Structure formats: C-alpha cells, structure tokens
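Input sequences plus hints: build the corresponding full structure.
Heads up: the protein sequence lines correspond to chains H and V, in order.
Just so we're aligned, residue 17 is where the first sequence starts under my numbering, counting upward by one.
Just so we're aligned, residue 17 is where the second sequence starts under my numbering, counting upward by one.
Treat the hints as calculated values from the structure; they're not laboratory data.
Watch out, some of these pointers could steer you wrong.
If several chains are the same, the list does not tell them apart, and a pair holds so long as it fits within one copy or across any two.
Here are the simulated SDA-like cross-link-like pairs (lysine to any residue), alpha carbons at most 25 Å apart as the crow flies [what the hints assert, rightly or not]: (1) K165 with R131; (2) K165 with S133; (3) K129 with Q29; (4) K91 with E103; (5) K91 with R105; (6) K91 with T142; (7) K63 with P92; (8) K138 with R105; (9) K165 with N145; (10) K63 with N157; (11) K138 with E103; (12) K44 with T65; (13) K63 with F31; (14) K129 with A48; (15) K138 with N157; (16) K44 with G34; (17) K138 with D102; (18) K63 with F99; (19) K44 with V27; (20) K165 with P52; (21) K44 with V86; (22) K165 with V153; (23) K63 with R37; (24) K91 with D60; (25) K91 with E49; (26) K44 with E59; (27) K44 with A61.
Given the structure is predicted, the values throughout are model-derived calculations rather than measurements.
Protein chains: 2
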Amino acid sequence: MTVRYLEDFAVGQTFRSGRMRVDRERIKTFAAEFDPQPFHLDEDAAKNTVFGGLAASGWHTTAMTMRLLVDGEFKPAGGILGFGFDELRWLAPVRPEDELQVESEVLEVRPSKPRPSHGHLKVRNTTFNQDGEAVQVFTGNLLVPCRPK
Amino acid sequence: MTVRYLEDFAVGQTFRSGRMRVDRERIKTFAAEFDPQPFHLDEDAAKNTVFGGLAASGWHTTAMTMRLLVDGEFKPAGGILGFGFDELRWLAPVRPEDELQVESEVLEVRPSKPRPSHGHLKVRNTTFNQDGEAVQVFTGNLLVPCRPK
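Next up, the structure:
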C-alpha cells in the first residue's frame, strides 16, 4: 500500500476496498445501541415497513463503509481525515449477509489557503453489495498533508 | 410525545433531544471496529495529530446523534426514515465525557409526487456539546407518511 500526499492525488483516480460481510446479529445490536427502530431490530416487525424486511441502519452502513475505507487501498498520509461531506444517499437497503465493497473516486484536489501544509481532497465513495448494486454514495471532504519539503 | 404526520410539520418548528454522555472506552471500541485510526484509539497517539487528543470518530458522532434523535421529541409517524442528507460538517472534536444534545429544525415540508401517501421533510440537525458549541451539523431528508384519510 502506498501512502499518498496531496501531490500524489489526481482527479479521476479510483481506489477499491476489500469486502465485508454484513452480520445479521450486528445489524440488530448496532441498531439497539444507536438506531432502535423496528425495521433495524426485528425481522417480523420489519416486514410491514417500507424496508419489507430487516435492513441495517444507514449509520451502520456509513460506519462499515468507513472501516472498508481505512483498510482499503486509499491511503492519504496522516490517515483519512474527513471534516465533512456533501450529499449522501442511501440508495438500497443493506441486508443480512450482504457483502459490501467501496469504490472511491477523486473528484477534486486543491491546496488549502489558510493551512499551506495541507490541501483538500473531494472523494466520491460508493458502497456496492455483492450484486454490484450501489447501496450508498457520498462525497467526502478530506484534509491531506502536502509532501514535506 | 406526539407522533406527527406530514401535515403536522411546518417550517421553523424545532425539536430537542435529551443528553448523552460520551464514554471514553466506547470511543475506542467504536473506532477499533469501524474507524481504527490513532486519533480515535489512543490518547498518546492522538496528541500529535490535528485533533491534539483523543476524539470520537465522526461516524460515532453521527451514530450517537441518531440515538438522541430516536429518543427525542422529534417523532414522525412511522419512525425516522432518512433516505439521505445534504451537506454534513464536523465542526469541532467530540471528546471523552462530552455531553451531546441535538436540536432539529424543520426547513422544508413537501408532498411526494411518486408516493402520494408520503411526503418529504428536510430537517437540519445540529449536535451541541455541554458548552453549547456545535460539533456537527447536517440536513437530513426524511420520508414521512401523510395522515390516513
């Protein structure tokens, strides 16, 4: 894995993560702690909701996506330091036993005026399931250090 | 707590959550599972990073915010069903022992054309710490059922 400084990034570069299996019990325990709503907690209760069955909390999906990013080939020097992101969409439910993978595409690279030692990276992260269906997409805004002189 | 249908929401309404104490060990175990980077895992390693000390993963903050929302006075009928959100910003680090609270403000209420039984709500959710400092803000897009005829 190559660690990259701001100068090593260019618009259009893409990076892939490994894969993560979504555990049925972890969907429920994550929801019990952070998003205790019937469609994330219980198969039967979920049937009669818009999800039509048990689905992971969107915040569980963002968290799993982050883990895939940290372990993947996208390696900014100093770590993945997001100060926020633009539009996020949950496009399809994430189900027990789904296998998630993230693809990241660099959309923008620019120096930081207030902080000349760093720059900003805009990266679109799309999370796919095992059928190649996009389940989530968001564009992250990252702080990346410039190569030390 | 009043459960609200689309017709019960109006632009400018605000809702408050209860408070949640941020647990030091949970910062680390959440990070170990979902965002294993030094500034979220270890006090000493975090000192020499932009955070200047241990800070919760932003994804932990979003998850805690969701729990505060689910338990708070903002109660759309059918639950809090986000299909995504606009711009999210992490504005300040979340530290061990911080006490978080969320304020939600309704920005937009509109019927759904493809799904006449439901409508869309745009809600800005700001998470504050015990000093009244905003640590995170995002605008969620929610699906809310209309009042049954």
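Right, here's what the structure says about each hint:
no. : hint           : in the structure
1   : K165 with R131 : within (15 Å within a copy, 57 Å between copies)
2   : K165 with S133 : within (10 Å within a copy, 60 Å between copies)
3   : K129 with Q29  : within (24 Å within a copy, 38 Å between copies)
4   : K91 with E103  : both (23 Å within a copy, 24 Å between copies)
5   : K91 with R105  : both (24 Å within a copy, 22 Å between copies)
6   : K91 with T142  : within (17 Å within a copy, 30 Å between copies)
7   : K63 with P92   : between (42 Å within a copy, 19 Å between copies)
8   : K138 with R105 : both (16 Å within a copy, 14 Å between copies)
9   : K165 with N145 : neither (42 Å within a copy, 38 Å between copies)
10  : K63 with N157  : between (36 Å within a copy, 23 Å between copies)
11  : K138 with E103 : both (12 Å within a copy, 13 Å between copies)
12  : K44 with T65   : within (16 Å within a copy, 34 Å between copies)
13  : K63 with F31   : neither (36 Å within a copy, 29 Å between copies)
14  : K129 with A48  : neither (43 Å within a copy, 33 Å between copies)
15  : K138 with N157 : both (5 Å within a copy, 22 Å between copies)
16  : K44 with G34   : both (23 Å within a copy, 23 Å between copies)
17  : K138 with D102 : both (9 Å within a copy, 15 Å between copies)
18  : K63 with F99   : between (37 Å within a copy, 18 Å between copies)
19  : K44 with V27   : neither (39 Å within a copy, 34 Å between copies)
20  : K165 with P52  : neither (50 Å within a copy, 28 Å between copies)
21  : K44 with V86   : both (24 Å within a copy, 15 Å between copies)
22  : K165 with V153 : neither (35 Å within a copy, 36 Å between copies)
23  : K63 with R37   : within (22 Å within a copy, 34 Å between copies)
24  : K91 with D60   : between (41 Å within a copy, 22 Å between copies)
25  : K91 with E49   : between (30 Å within a copy, 18 Å between copies)
26  : K44 with E59   : within (10 Å within a copy, 30 Å between copies)
27  : K44 with A61   : within (12 Å within a copy, 32 Å between copies)
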